[in-house]
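These protein sequences, in sequence, are chains A and B. The opening residue of the first sequence carries number 34 in the working numbering; numbering runs sequentially from there. The opening residue of the second sequence carries number 34 in the working numbering; numbering runs sequentially from there.
Because the hints were derived from the structure by calculation, they are not lab data. Because the structure is a prediction, the values reported are computed rather than measured. All the pointers check out, no bait thrown in.
Since copy identity is lost for identical chains, a pair holds within one copy or between any two.
Pairs of lysine-lysine, DSBU-like flavour, derived with a Cα cap of 35 Å:
#1 K518 x K88
#2 K463 x K518
#3 K576 x K624
#4 K357 x K234
#5 K576 x K463
#6 K576 x K343
#7 K389 x K323
#8 K576 x K389
#9 K278 x K389
#10 K278 x K357
Protein chains: 2
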Amino acid sequence: MTLTLDHINTVPHAEALALLDGLYEHSPWIAAKALEARPFQSLAHLKYAMTTVLKNAGHQAQLDLIRAHPELAGKAMISQGLTAESTNEQSTAGLTQCSPQEFATIQQLNADYNTRFGFPFILAVRGTRGNGLTRQQIINTFTRRLNNHPEFELAECLRNIHRVVELRLNDKFGMHPTLGDIQWDWHEAMAQYSDPGYKEKGQLTVTYLTDAHRACAAFLESKMHECGFDDVSIDAVGNVVGIYKAQASNAKTLLTGSHYDTVRNGGKYDGRLGILTPMLCVQQLHAQGKRLPFNIEVVGFAEEEGQRYKATFLGSGSLLGDFKPEWLDQKDTDGITMREAMAHAGLNVDDIGLIKRNAADYLGFIEIHVEQGPVLNALDIPLGIVTSINGSVRYLCEITGLASHAGTTPMLTRRDAATAAAEVVLYVEKRAAQDADSVGTVGMLNVPNGSINVVPGRCLFSLDLRAPIDAQRDAMASDVLSEVKAICERRGVTVSFELTERAAAAPSAPAWQQRWEAAVHALGVPLHAMPSGAGHDAMKLHKIMPQAMLFVRGQNSGISHNPLESTTSDDIQLGIDAFMHLLTHLSDETKA
Amino acid sequence: MTLTLDHINTVPHAEALALLDGLYEHSPWIAAKALEARPFQSLAHLKYAMTTVLKNAGHQAQLDLIRAHPELAGKAMISQGLTAESTNEQSTAGLTQCSPQEFATIQQLNADYNTRFGFPFILAVRGTRGNGLTRQQIINTFTRRLNNHPEFELAECLRNIHRVVELRLNDKFGMHPTLGDIQWDWHEAMAQYSDPGYKEKGQLTVTYLTDAHRACAAFLESKMHECGFDDVSIDAVGNVVGIYKAQASNAKTLLTGSHYDTVRNGGKYDGRLGILTPMLCVQQLHAQGKRLPFNIEVVGFAEEEGQRYKATFLGSGSLLGDFKPEWLDQKDTDGITMREAMAHAGLNVDDIGLIKRNAADYLGFIEIHVEQGPVLNALDIPLGIVTSINGSVRYLCEITGLASHAGTTPMLTRRDAATAAAEVVLYVEKRAAQDADSVGTVGMLNVPNGSINVVPGRCLFSLDLRAPIDAQRDAMASDVLSEVKAICERRGVTVSFELTERAAAAPSAPAWQQRWEAAVHALGVPLHAMPSGAGHDAMKLHKIMPQAMLFVRGQNSGISHNPLESTTSDDIQLGIDAFMHLLTHLSDETKA
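Make the full structure from the sequences, and use the hints.
Here's what the structure looks like:
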């Protein structure tokens, strides 16, 4: 029998509990406690209620739950203790068909893992799409996670347990994230295109106007046609533009989109999620024959990452007329100018000016994006409301002291460039933490040609300071620079700064942020408001129209710009659902 | 008229002051105050008295003195303000014959220097041997010193003023550091030999058994013969051994010496000073027909630096039977084994065992060495009494945190490897400073492949911890390692250590340290006792016989393992004088 939420919400507690049997390994108390929060607004609501119960149950209960699980592909799997669900899942992942070598590897990993952490390794072997990881993926994940910090790894096990339960719950309720799965597959399909030198290594790299890049554009163009967009075109800089027309011909337009280029050896979701999600919404509208009181314009921006050429945000910037003609003469590492690359791609440089949009034609800009950070993952919350895209300022710094013999230079007479830099590193950390939502990072730190027996005479480091409001960022930067100078003065070393970037914050337009909030709220998912630490195309559009963003949780601590970037088809589905809610809500507003 | 110390010590103050006229530029008050310390035991005593007056006169008086000097090669030199002495000195250095380009360069340097520091550049243009720097040397020094920290540069100007005065005083007293000059010239002569690839660049590199190395051995052998040593030979590992025999044939032997190999692009004095100084003492004894009640054995050790092969202290170690046979199969970067290099040099590997000394034949081992540190230079003291060669322990460490996005990872959820390392760096500094004479250094510090916008996931660093007593070193090392673990535990990052070196401390034998003290005291030079932070051949001999070392002040903050390593012929002379005092005193002891 397939369960419904209505049923769970209305039957007596004991009956509901029986219906939810077998979710958490030998731990019905979690569902029992979660049921106190009935009625559930959505399956996502029920899932979150259960994660909250476990979160509040304390360390020992969490550990007990983890320890209630058998080892991966262990003997227990065959003989004892494992729930039927677990057996199914491990078997689906092919773990019952390990080669002797794979089996030996996994047993060694089990032993190493247990020695290190004192609990068994938990992995949702059905993966982010629910269709099963390969044995090699399982072994790779196991090996990687062995290096995690114990605290972190405990949390990661709990997240995997919640993922296992999410899939079991989907099965019970006959819920399939159908659109999420489609979109997940589209990400995979796009990830087949990768630049030479990377593709061979199984790495994803799509830089501006390479063959792989143009194949991605062609993919988007073709899928937009399939989805039912009315006008689909590739503009003079390579942006893929799809328009789904409104009921009326004089309607305004809702602009959305994100970028389809990637960093080198990047992830499959960064940018692309913000193109494919609205495409799937249009697909639904078109399938249902629905027209809205506004045009929907989805743009796949050709360039955001600034990898092949130093022309970050080229795609979205061009909609503002921000394309810089001097970029055309920049050469890539093979000596090919951007102008040549554009000609080769059949783009007409003379038409770049025509891309510029008239802001008066637009309602605003919205963008959905993977978080690229650990916040939602750590909170077990699938969607995040962006309050602002942080303003940032960056410096490259060099401290010059006096290199001297580590054995013969007394502590008090040193002019050690590295100890000065160490003070700076800790001050940046402390100062950024003073604000609830500023971040400050020394990402580069290096004593050039350092020797074990030489007091450092030079130390190079970087500063990256970000905050949701420019004034907050500037106050932090001012404090940091003053403190750096004071540290260096006190230590008798000199310092030089090179400002390498300053980007203004882009606070979300309140009305648009509220629309996202309403959409997320409607899904029964908790609201979590947060700044965006990373820059996005919305920063550019911010200059000419109201904008607001929505984040989708990433797996693996939300790692991004990395092949481990990942998100589940369930979370993708929630993003699609939120987007549809926003469109519907906005239609109602516009009509009213 | 040539002055004598007796005269200065006995005439009325005003007369003495008149005789010392023109030492410090327009500042007779320095000599006036110094004369209150009469009688002077030596010219070195008088010199030190004057530096002490200026040291105690305070910052403003020091600045006034510096500002009383005209700019280098400035118009003032020709027209006004410059003492006759200054004019002579600048003219001796050829500064009155600058090319237009050199003149323009110096004027620009003068302007830049004055802008940066607010006082004129002071350089003792007669140099470390008193015979004048070249214009290029002057310009290079000027350019280099422009980068110094203002506090340091002020002290460096004062040191240069003292050097100018030292030379002026030598002139007044008709004092010539004759032996010091000879030895200074020998260092220059030996520095002509340098390994291929370095010699062409004007760099000094003499590694084990290269042609340059063998030329140095031949130079020492030849000079030992000239000095009047009775037996001179090159042993089976390339040590150059000279014996100056005692009166009696059954006498014991005083062992002394140091190494003649160098680091790559090293200095002219490191090691060699400890060979040439006793050679010049023997030259004096021989010239005077004196024999002592003990043999003097001077050894030029062939290898101490471990540059061509990883066989540090090979030369002195062989006297203990510490030569490791497995070294013979080590290859240099050209693939030449040590065995082949020895055969090529005509050394007989089978005789290495014969080098081992019988400790019972020896009184002890003494070694004179440039300080290789900034202590004596900063104190204006020419000689230093070594209390112990520090014990050391070294680690290479790696902190592993979690690389994450600098924009999207909140401060409180980071596992930043670099902030953890920064805490370690500062703890090491603080902990070492707790002991008066321990040193602790993080010389290598690196976030591998760090990016400005990535929270560091890894940080590599080194630990070098040294103290004059092993127990003191071990207590420090234990505290540091505990703290590193505590920092990493608290920050949720992991750390690994690799012990790369542990060397025992070699405290000076009290009787021998006292002999050095007596010798230095006899010269009227203040005693300064200090540990040796660097390792020396005496560490090896320490294992089989009593040892003690004497340090000679280095210029340029005592920099070593660097072409800027430098010392004056006046200081070299004091080293020779101290060594002769020790020999004389030891003769009296031995006779008594």
